[in-house]
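Visitor: Single-letter residue listing:
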Amino acid sequence: MTLHPILAALRKHKSGVVLIALQIALTLAIVCNALFIIGQRIHNINQPTGLVEEDLFLVSQQWVGTPGSDTAAGAERLDAMQKEDLAALRSMPDVASVAPTTSLPLYSSSRVGSVGINPGNGEYDSTSKGTALASYFFMDEQALTTLGLKLVSGRFFHADEVQHYSGGEQRTPDLIVITKAMAEKLFPDKDAVGQVLYLDGAAAPTRVIGVVERLQGAVWAKTFAWNGVLVPARLNSTYSRYAVRARPGRRDAAMKAVPSVLYGVNPMRVLDDEESVKSFERIRNDAYQSDMGMAILMGVVSVILIGVTATGIVGLTSFWVGQRRKQIGVRRALGARKVDILHYFQLENLTIACGGAIIGILLALGLNFWLMRNFGMDRIPVPWVIVGVAAVLLLGQFAVFVPARRASNVPPVAATRSV
Amino acid sequence: MLRYYLELAVRSLKRSPGLTALMVLAIGFGVAASMTTYSVFRAVSGDPIPWKSSRLFVPQIDAWGPSAHRDGSIEPVDALSYTDAMALMRDHRAKLQSPIYIISSSVVPTRPGEHPFNVSGHVVYGEFFPMVEAPFRYGSGWSADDDRQRSAVAVISSKLNRKLFGGENSIGKSVNVEGRNYRVVGVLDEWNPQPRFYDIQNTGGFSTASDDLFLPFERAIEWGIPNDGNTGCVKPPEESGFVGLQRSSCVWLGYLAQLDNAKAVSAYRDYLESYARDQQHSGRFTWAPNIRLHDLPAWLVSEQVVPSDTKISLLVALGLLVVCLVNTSGLLLAKFLRRSGEIGVRRALGAGRLAIYAQFLTEAGMIGVAGGLLGIALTGVGILGVGVVLPKGTAALATLDMSLLLLTLAVAVFATLLAGLYPTFRAARVQPAWQLKSN
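Protein chains in written order, with this note's numbering: chain A, 1 to 419; chain B, 1001 to 1439.
A couple of the hints might just be wrong.
[Said to hold, decoys possible] Each computed DSBU-like pair below joins lysine-lysine, with the alpha-carbon atoms no more than 35 angstroms apart:
{"hint": "1", "chain 1": "B", "residue 1": "K1052", "chain 2": "A", "residue 2": "K278"}
{"hint": "2", "chain 1": "A", "residue 1": "K278", "chain 2": "A", "residue 2": "K326"}
{"hint": "3", "chain 1": "A", "residue 1": "K83", "chain 2": "A", "residue 2": "K129"}
{"hint": "4", "chain 1": "A", "residue 1": "K222", "chain 2": "A", "residue 2": "K129"}
{"hint": "5", "chain 1": "A", "residue 1": "K256", "chain 2": "B", "residue 2": "K1163"}
{"hint": "6", "chain 1": "A", "residue 1": "K190", "chain 2": "A", "residue 2": "K256"}
{"hint": "7", "chain 1": "A", "residue 1": "K338", "chain 2": "B", "residue 2": "K1014"}
{"hint": "8", "chain 1": "B", "residue 1": "K1235", "chain 2": "A", "residue 2": "K278"}
{"hint": "9", "chain 1": "B", "residue 1": "K1052", "chain 2": "A", "residue 2": "K180"}
{"hint": "10", "chain 1": "B", "residue 1": "K1052", "chain 2": "A", "residue 2": "K14"}
{"hint": "11", "chain 1": "A", "residue 1": "K83", "chain 2": "A", "residue 2": "K14"}
{"hint": "12", "chain 1": "A", "residue 1": "K326", "chain 2": "B", "residue 2": "K1173"}
{"hint": "13", "chain 1": "A", "residue 1": "K222", "chain 2": "B", "residue 2": "K1392"}
{"hint": "14", "chain 1": "B", "residue 1": "K1163", "chain 2": "B", "residue 2": "K1173"}
{"hint": "15", "chain 1": "B", "residue 1": "K1052", "chain 2": "B", "residue 2": "K1014"}
{"hint": "16", "chain 1": "B", "residue 1": "K1235", "chain 2": "A", "residue 2": "K190"}
{"hint": "17", "chain 1": "B", "residue 1": "K1235", "chain 2": "A", "residue 2": "K222"}
{"hint": "18", "chain 1": "A", "residue 1": "K278", "chain 2": "B", "residue 2": "K1263"}
{"hint": "19", "chain 1": "A", "residue 1": "K12", "chain 2": "B", "residue 2": "K1052"}
{"hint": "20", "chain 1": "B", "residue 1": "K1014", "chain 2": "A", "residue 2": "K83"}
{"hint": "21", "chain 1": "B", "residue 1": "K1095", "chain 2": "A", "residue 2": "K256"}
{"hint": "22", "chain 1": "A", "residue 1": "K150", "chain 2": "A", "residue 2": "K338"}
{"hint": "23", "chain 1": "B", "residue 1": "K1014", "chain 2": "B", "residue 2": "K1173"}
{"hint": "24", "chain 1": "B", "residue 1": "K1235", "chain 2": "A", "residue 2": "K129"}
{"hint": "25", "chain 1": "B", "residue 1": "K1392", "chain 2": "B", "residue 2": "K1163"}
Just so you know, the hints here were simulated from the structure itself, not pulled from any lab data.
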């Protein structure tokens, strides 16, 4: 079968053809970009944080009426209170291990600083060569097991290396553990273990004693999400946070028991709101809620769009079939088989859809470019567009099948009847 | 005549229920998707204090200099250092003004046996309340004297008042914050402006956490109630603790000033400029003055309060609506042209082109109304769905009110009429003679 009769027939229905082609083009443009957005968000959500997330939860609490951590005595008192809490939590039956920490991956509150391979001049510097932004985690020696971090080289902290000082104090630690991403960025061609780094523009060096596989920063730390610095210290302030690993399957029971245990140690504290004892699962869900929401929204829009376009094709092709009953009858009477009629409408749709897809590719790339310029989206990779084109062509074929089959069932006798 | 056209339209729509349903569904879904995303957009791009926003200003002073601008922009950072905020407050050049910082403090209930709990709040000067026109249920804000004498007074929200005092008039009672007593001088009415314009830096504009406690600035500073918000530094503070933060170049304070007319605005801008120049002369800044004075609407834009996700969603949904319209246009074209014979007869019997226009646009309008009604129902579903998928802070703001309802219907009808224009134009061009002959 040649295209010639199809093109000749289409010329008679210019406006209908243009409308279908336009609809296919717009659908392709929007669905391509929507699916790309979905793909990116799902990719974000599925990134591992570096933690073993099951059975992990975070306790954040605040003491009331304490002297504050600005004096040395105050800091000592707060550290003693923190140690009491840790001991109480560690002795709970459903708890496997506990570590004090200032933050966890994807948590909203996080401390960020700059790290460099050369001595600093007292100012933060994350733009020069050999420097980087990083999320800081202040933890003790039990953090490795509690968080389920994977050590890839060197060693983790020993108990006697863990210091404690006021959270408001700037102190340069003697040693740190860093993440692999950070190590590869700052020491591209040597082992980071044993090297020195300079934190927050300090002139005094800090030695790297170990490297962990990964530890993600706060959800807003987009450009430096994988740069992490673990400092062996309990920070003392009027609030404290404890990462708790429950025994397998006992997370909810452990979470439920935490408030009464901590109130038992000291009732003068804030621990009542639902943010105080929070499973990592919820921290993760909260962090990615807007990504998830966007993916769902784009998915819903894409489904509606595809549905509308498919029904549009069905509707208009049905109309054409009805209009051409007589011509179809003539063709059948002249010897065309049912399958020829079927193929005719399928090929017709393919022709229109191809035309629409060509415009659609341009629109898709244009929309993507516009989103890149205005909203900092990434460039859509070519395979996505190709998949999109294939999808709308298939969609067209799928939608045209029912009316085309009805056309193929038009009996030859229709040629002899008027309308 | 309209009744006749309505009758014709109903008859025509009934004749092909499948096609009619397709069109109504397309319009309904298209409009609902647009309206759902629009309701979110409308919620986050609203003016929180429309009668006054053009008279509220946020001053910015570049406290870090050009070397801190990492990405090549020259915009000063969006918060003030303690030194600068206090200097602006001391000079007192605006009609009303206040530095602002966010706190998260423990409150100890008066009833024995209850555990302390956390409240979020802000530390401000007394001028803040008349400036933002915060509504009071009982009492009022504190006076300039209270600010000067560092009185231990507090303004609390009605929510905190319910929690602590059962909702009764609690003026004169004391509230225990961080172990110290403050006398309640005012209880706010329900007040939760969105976006929370006086603290965009820490809330991003939208927050489900209520703002329950307001304390006097100098009292809070002296008693060391720490900042619970973002702190930005180009270098670590040289001294430790909250006092070290106050003496550092770190920025952590918001600032709001009321300037009533253009003259006051330009005078304040000159003042900021001369303040920054004085800092340069005294050697504290080693760079030329770089100041900004945005009014509230411009400030909300520069802080990008409307999330780009919201804009993209609205855009994509509008694209969906366009596709639905193109789709409806195609289906209407098919439907109208199928009735060429009928049109031919009407034309031959004397109906003018205008009459054909009226007839077919009535039919399109009817589909629009049906699509709009479906759209309203689906928008309702959509807004419920938004509550599930979007962060609570913004989702809670998206509501289906009367104006959105009417807008949904209006958009549906207008869009369908638009889609019907071309098919109607084609229908009106049908040649009566040719149609009659071919029949």
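Visitor: Hints first: check each against the structure and report whether it holds.
Guide: Here's how the hints hold up against the structure:
1. B/K1052 to A/K278: Judged against 35 angstroms, a Cα distance of about 40 angstroms means the pair is violated.
2. A/K278 to A/K326: Not OK: A/K278 and A/K326 at ~71 angstroms, beyond 35 angstroms, violated.
3. A/K83 to A/K129: With a Cα-Cα distance of about 41 angstroms, the restraint between A/K83 and A/K129 is violated, given a limit of 35 angstroms.
4. A/K222 to A/K129: Measuring from Cα to Cα gives roughly 20 angstroms; hence the hint holds.
5. A/K256 to B/K1163: holds, 24 angstroms
6. A/K190 to A/K256: violated, 47 angstroms
7. A/K338 to B/K1014: holds, 32 angstroms
8. B/K1235 to A/K278: holds, 33 angstroms
9. B/K1052 to A/K180: violated, 52 angstroms
10. B/K1052 to A/K14: violated, 55 angstroms
11. A/K83 to A/K14: Status violated; Cα separation ~80 angstroms.
12. A/K326 to B/K1173: violated, 91 angstroms
13. A/K222 to B/K1392: holds, 22 angstroms
14. B/K1163 to B/K1173: holds, 14 angstroms
15. B/K1052 to B/K1014: violated, 54 angstroms
16. B/K1235 to A/K190: At roughly 29 angstroms apart (the allowed maximum being 35 angstroms), A/K190 and B/K1235 satisfy the hint.
17. B/K1235 to A/K222: holds, 22 angstroms
18. A/K278 to B/K1263: violated, 52 angstroms
19. A/K12 to B/K1052: violated, 60 angstroms
20. B/K1014 to A/K83: Not satisfied, since the Cα-Cα distance of roughly 78 angstroms exceeds 35 angstroms.
21. B/K1095 to A/K256: violated, 52 angstroms
22. A/K150 to A/K338: violated, 66 angstroms
23. B/K1014 to B/K1173: Status violated; Cα separation ~71 angstroms.
24. B/K1235 to A/K129: holds, 18 angstroms
25. B/K1392 to B/K1163: holds, 23 angstroms
Going through the hint list in order, the structure does not satisfy hints 1, 2, 3, 6, 9, 10, 11, 12, 15, 18, 19, 20, 21, 22, 23.
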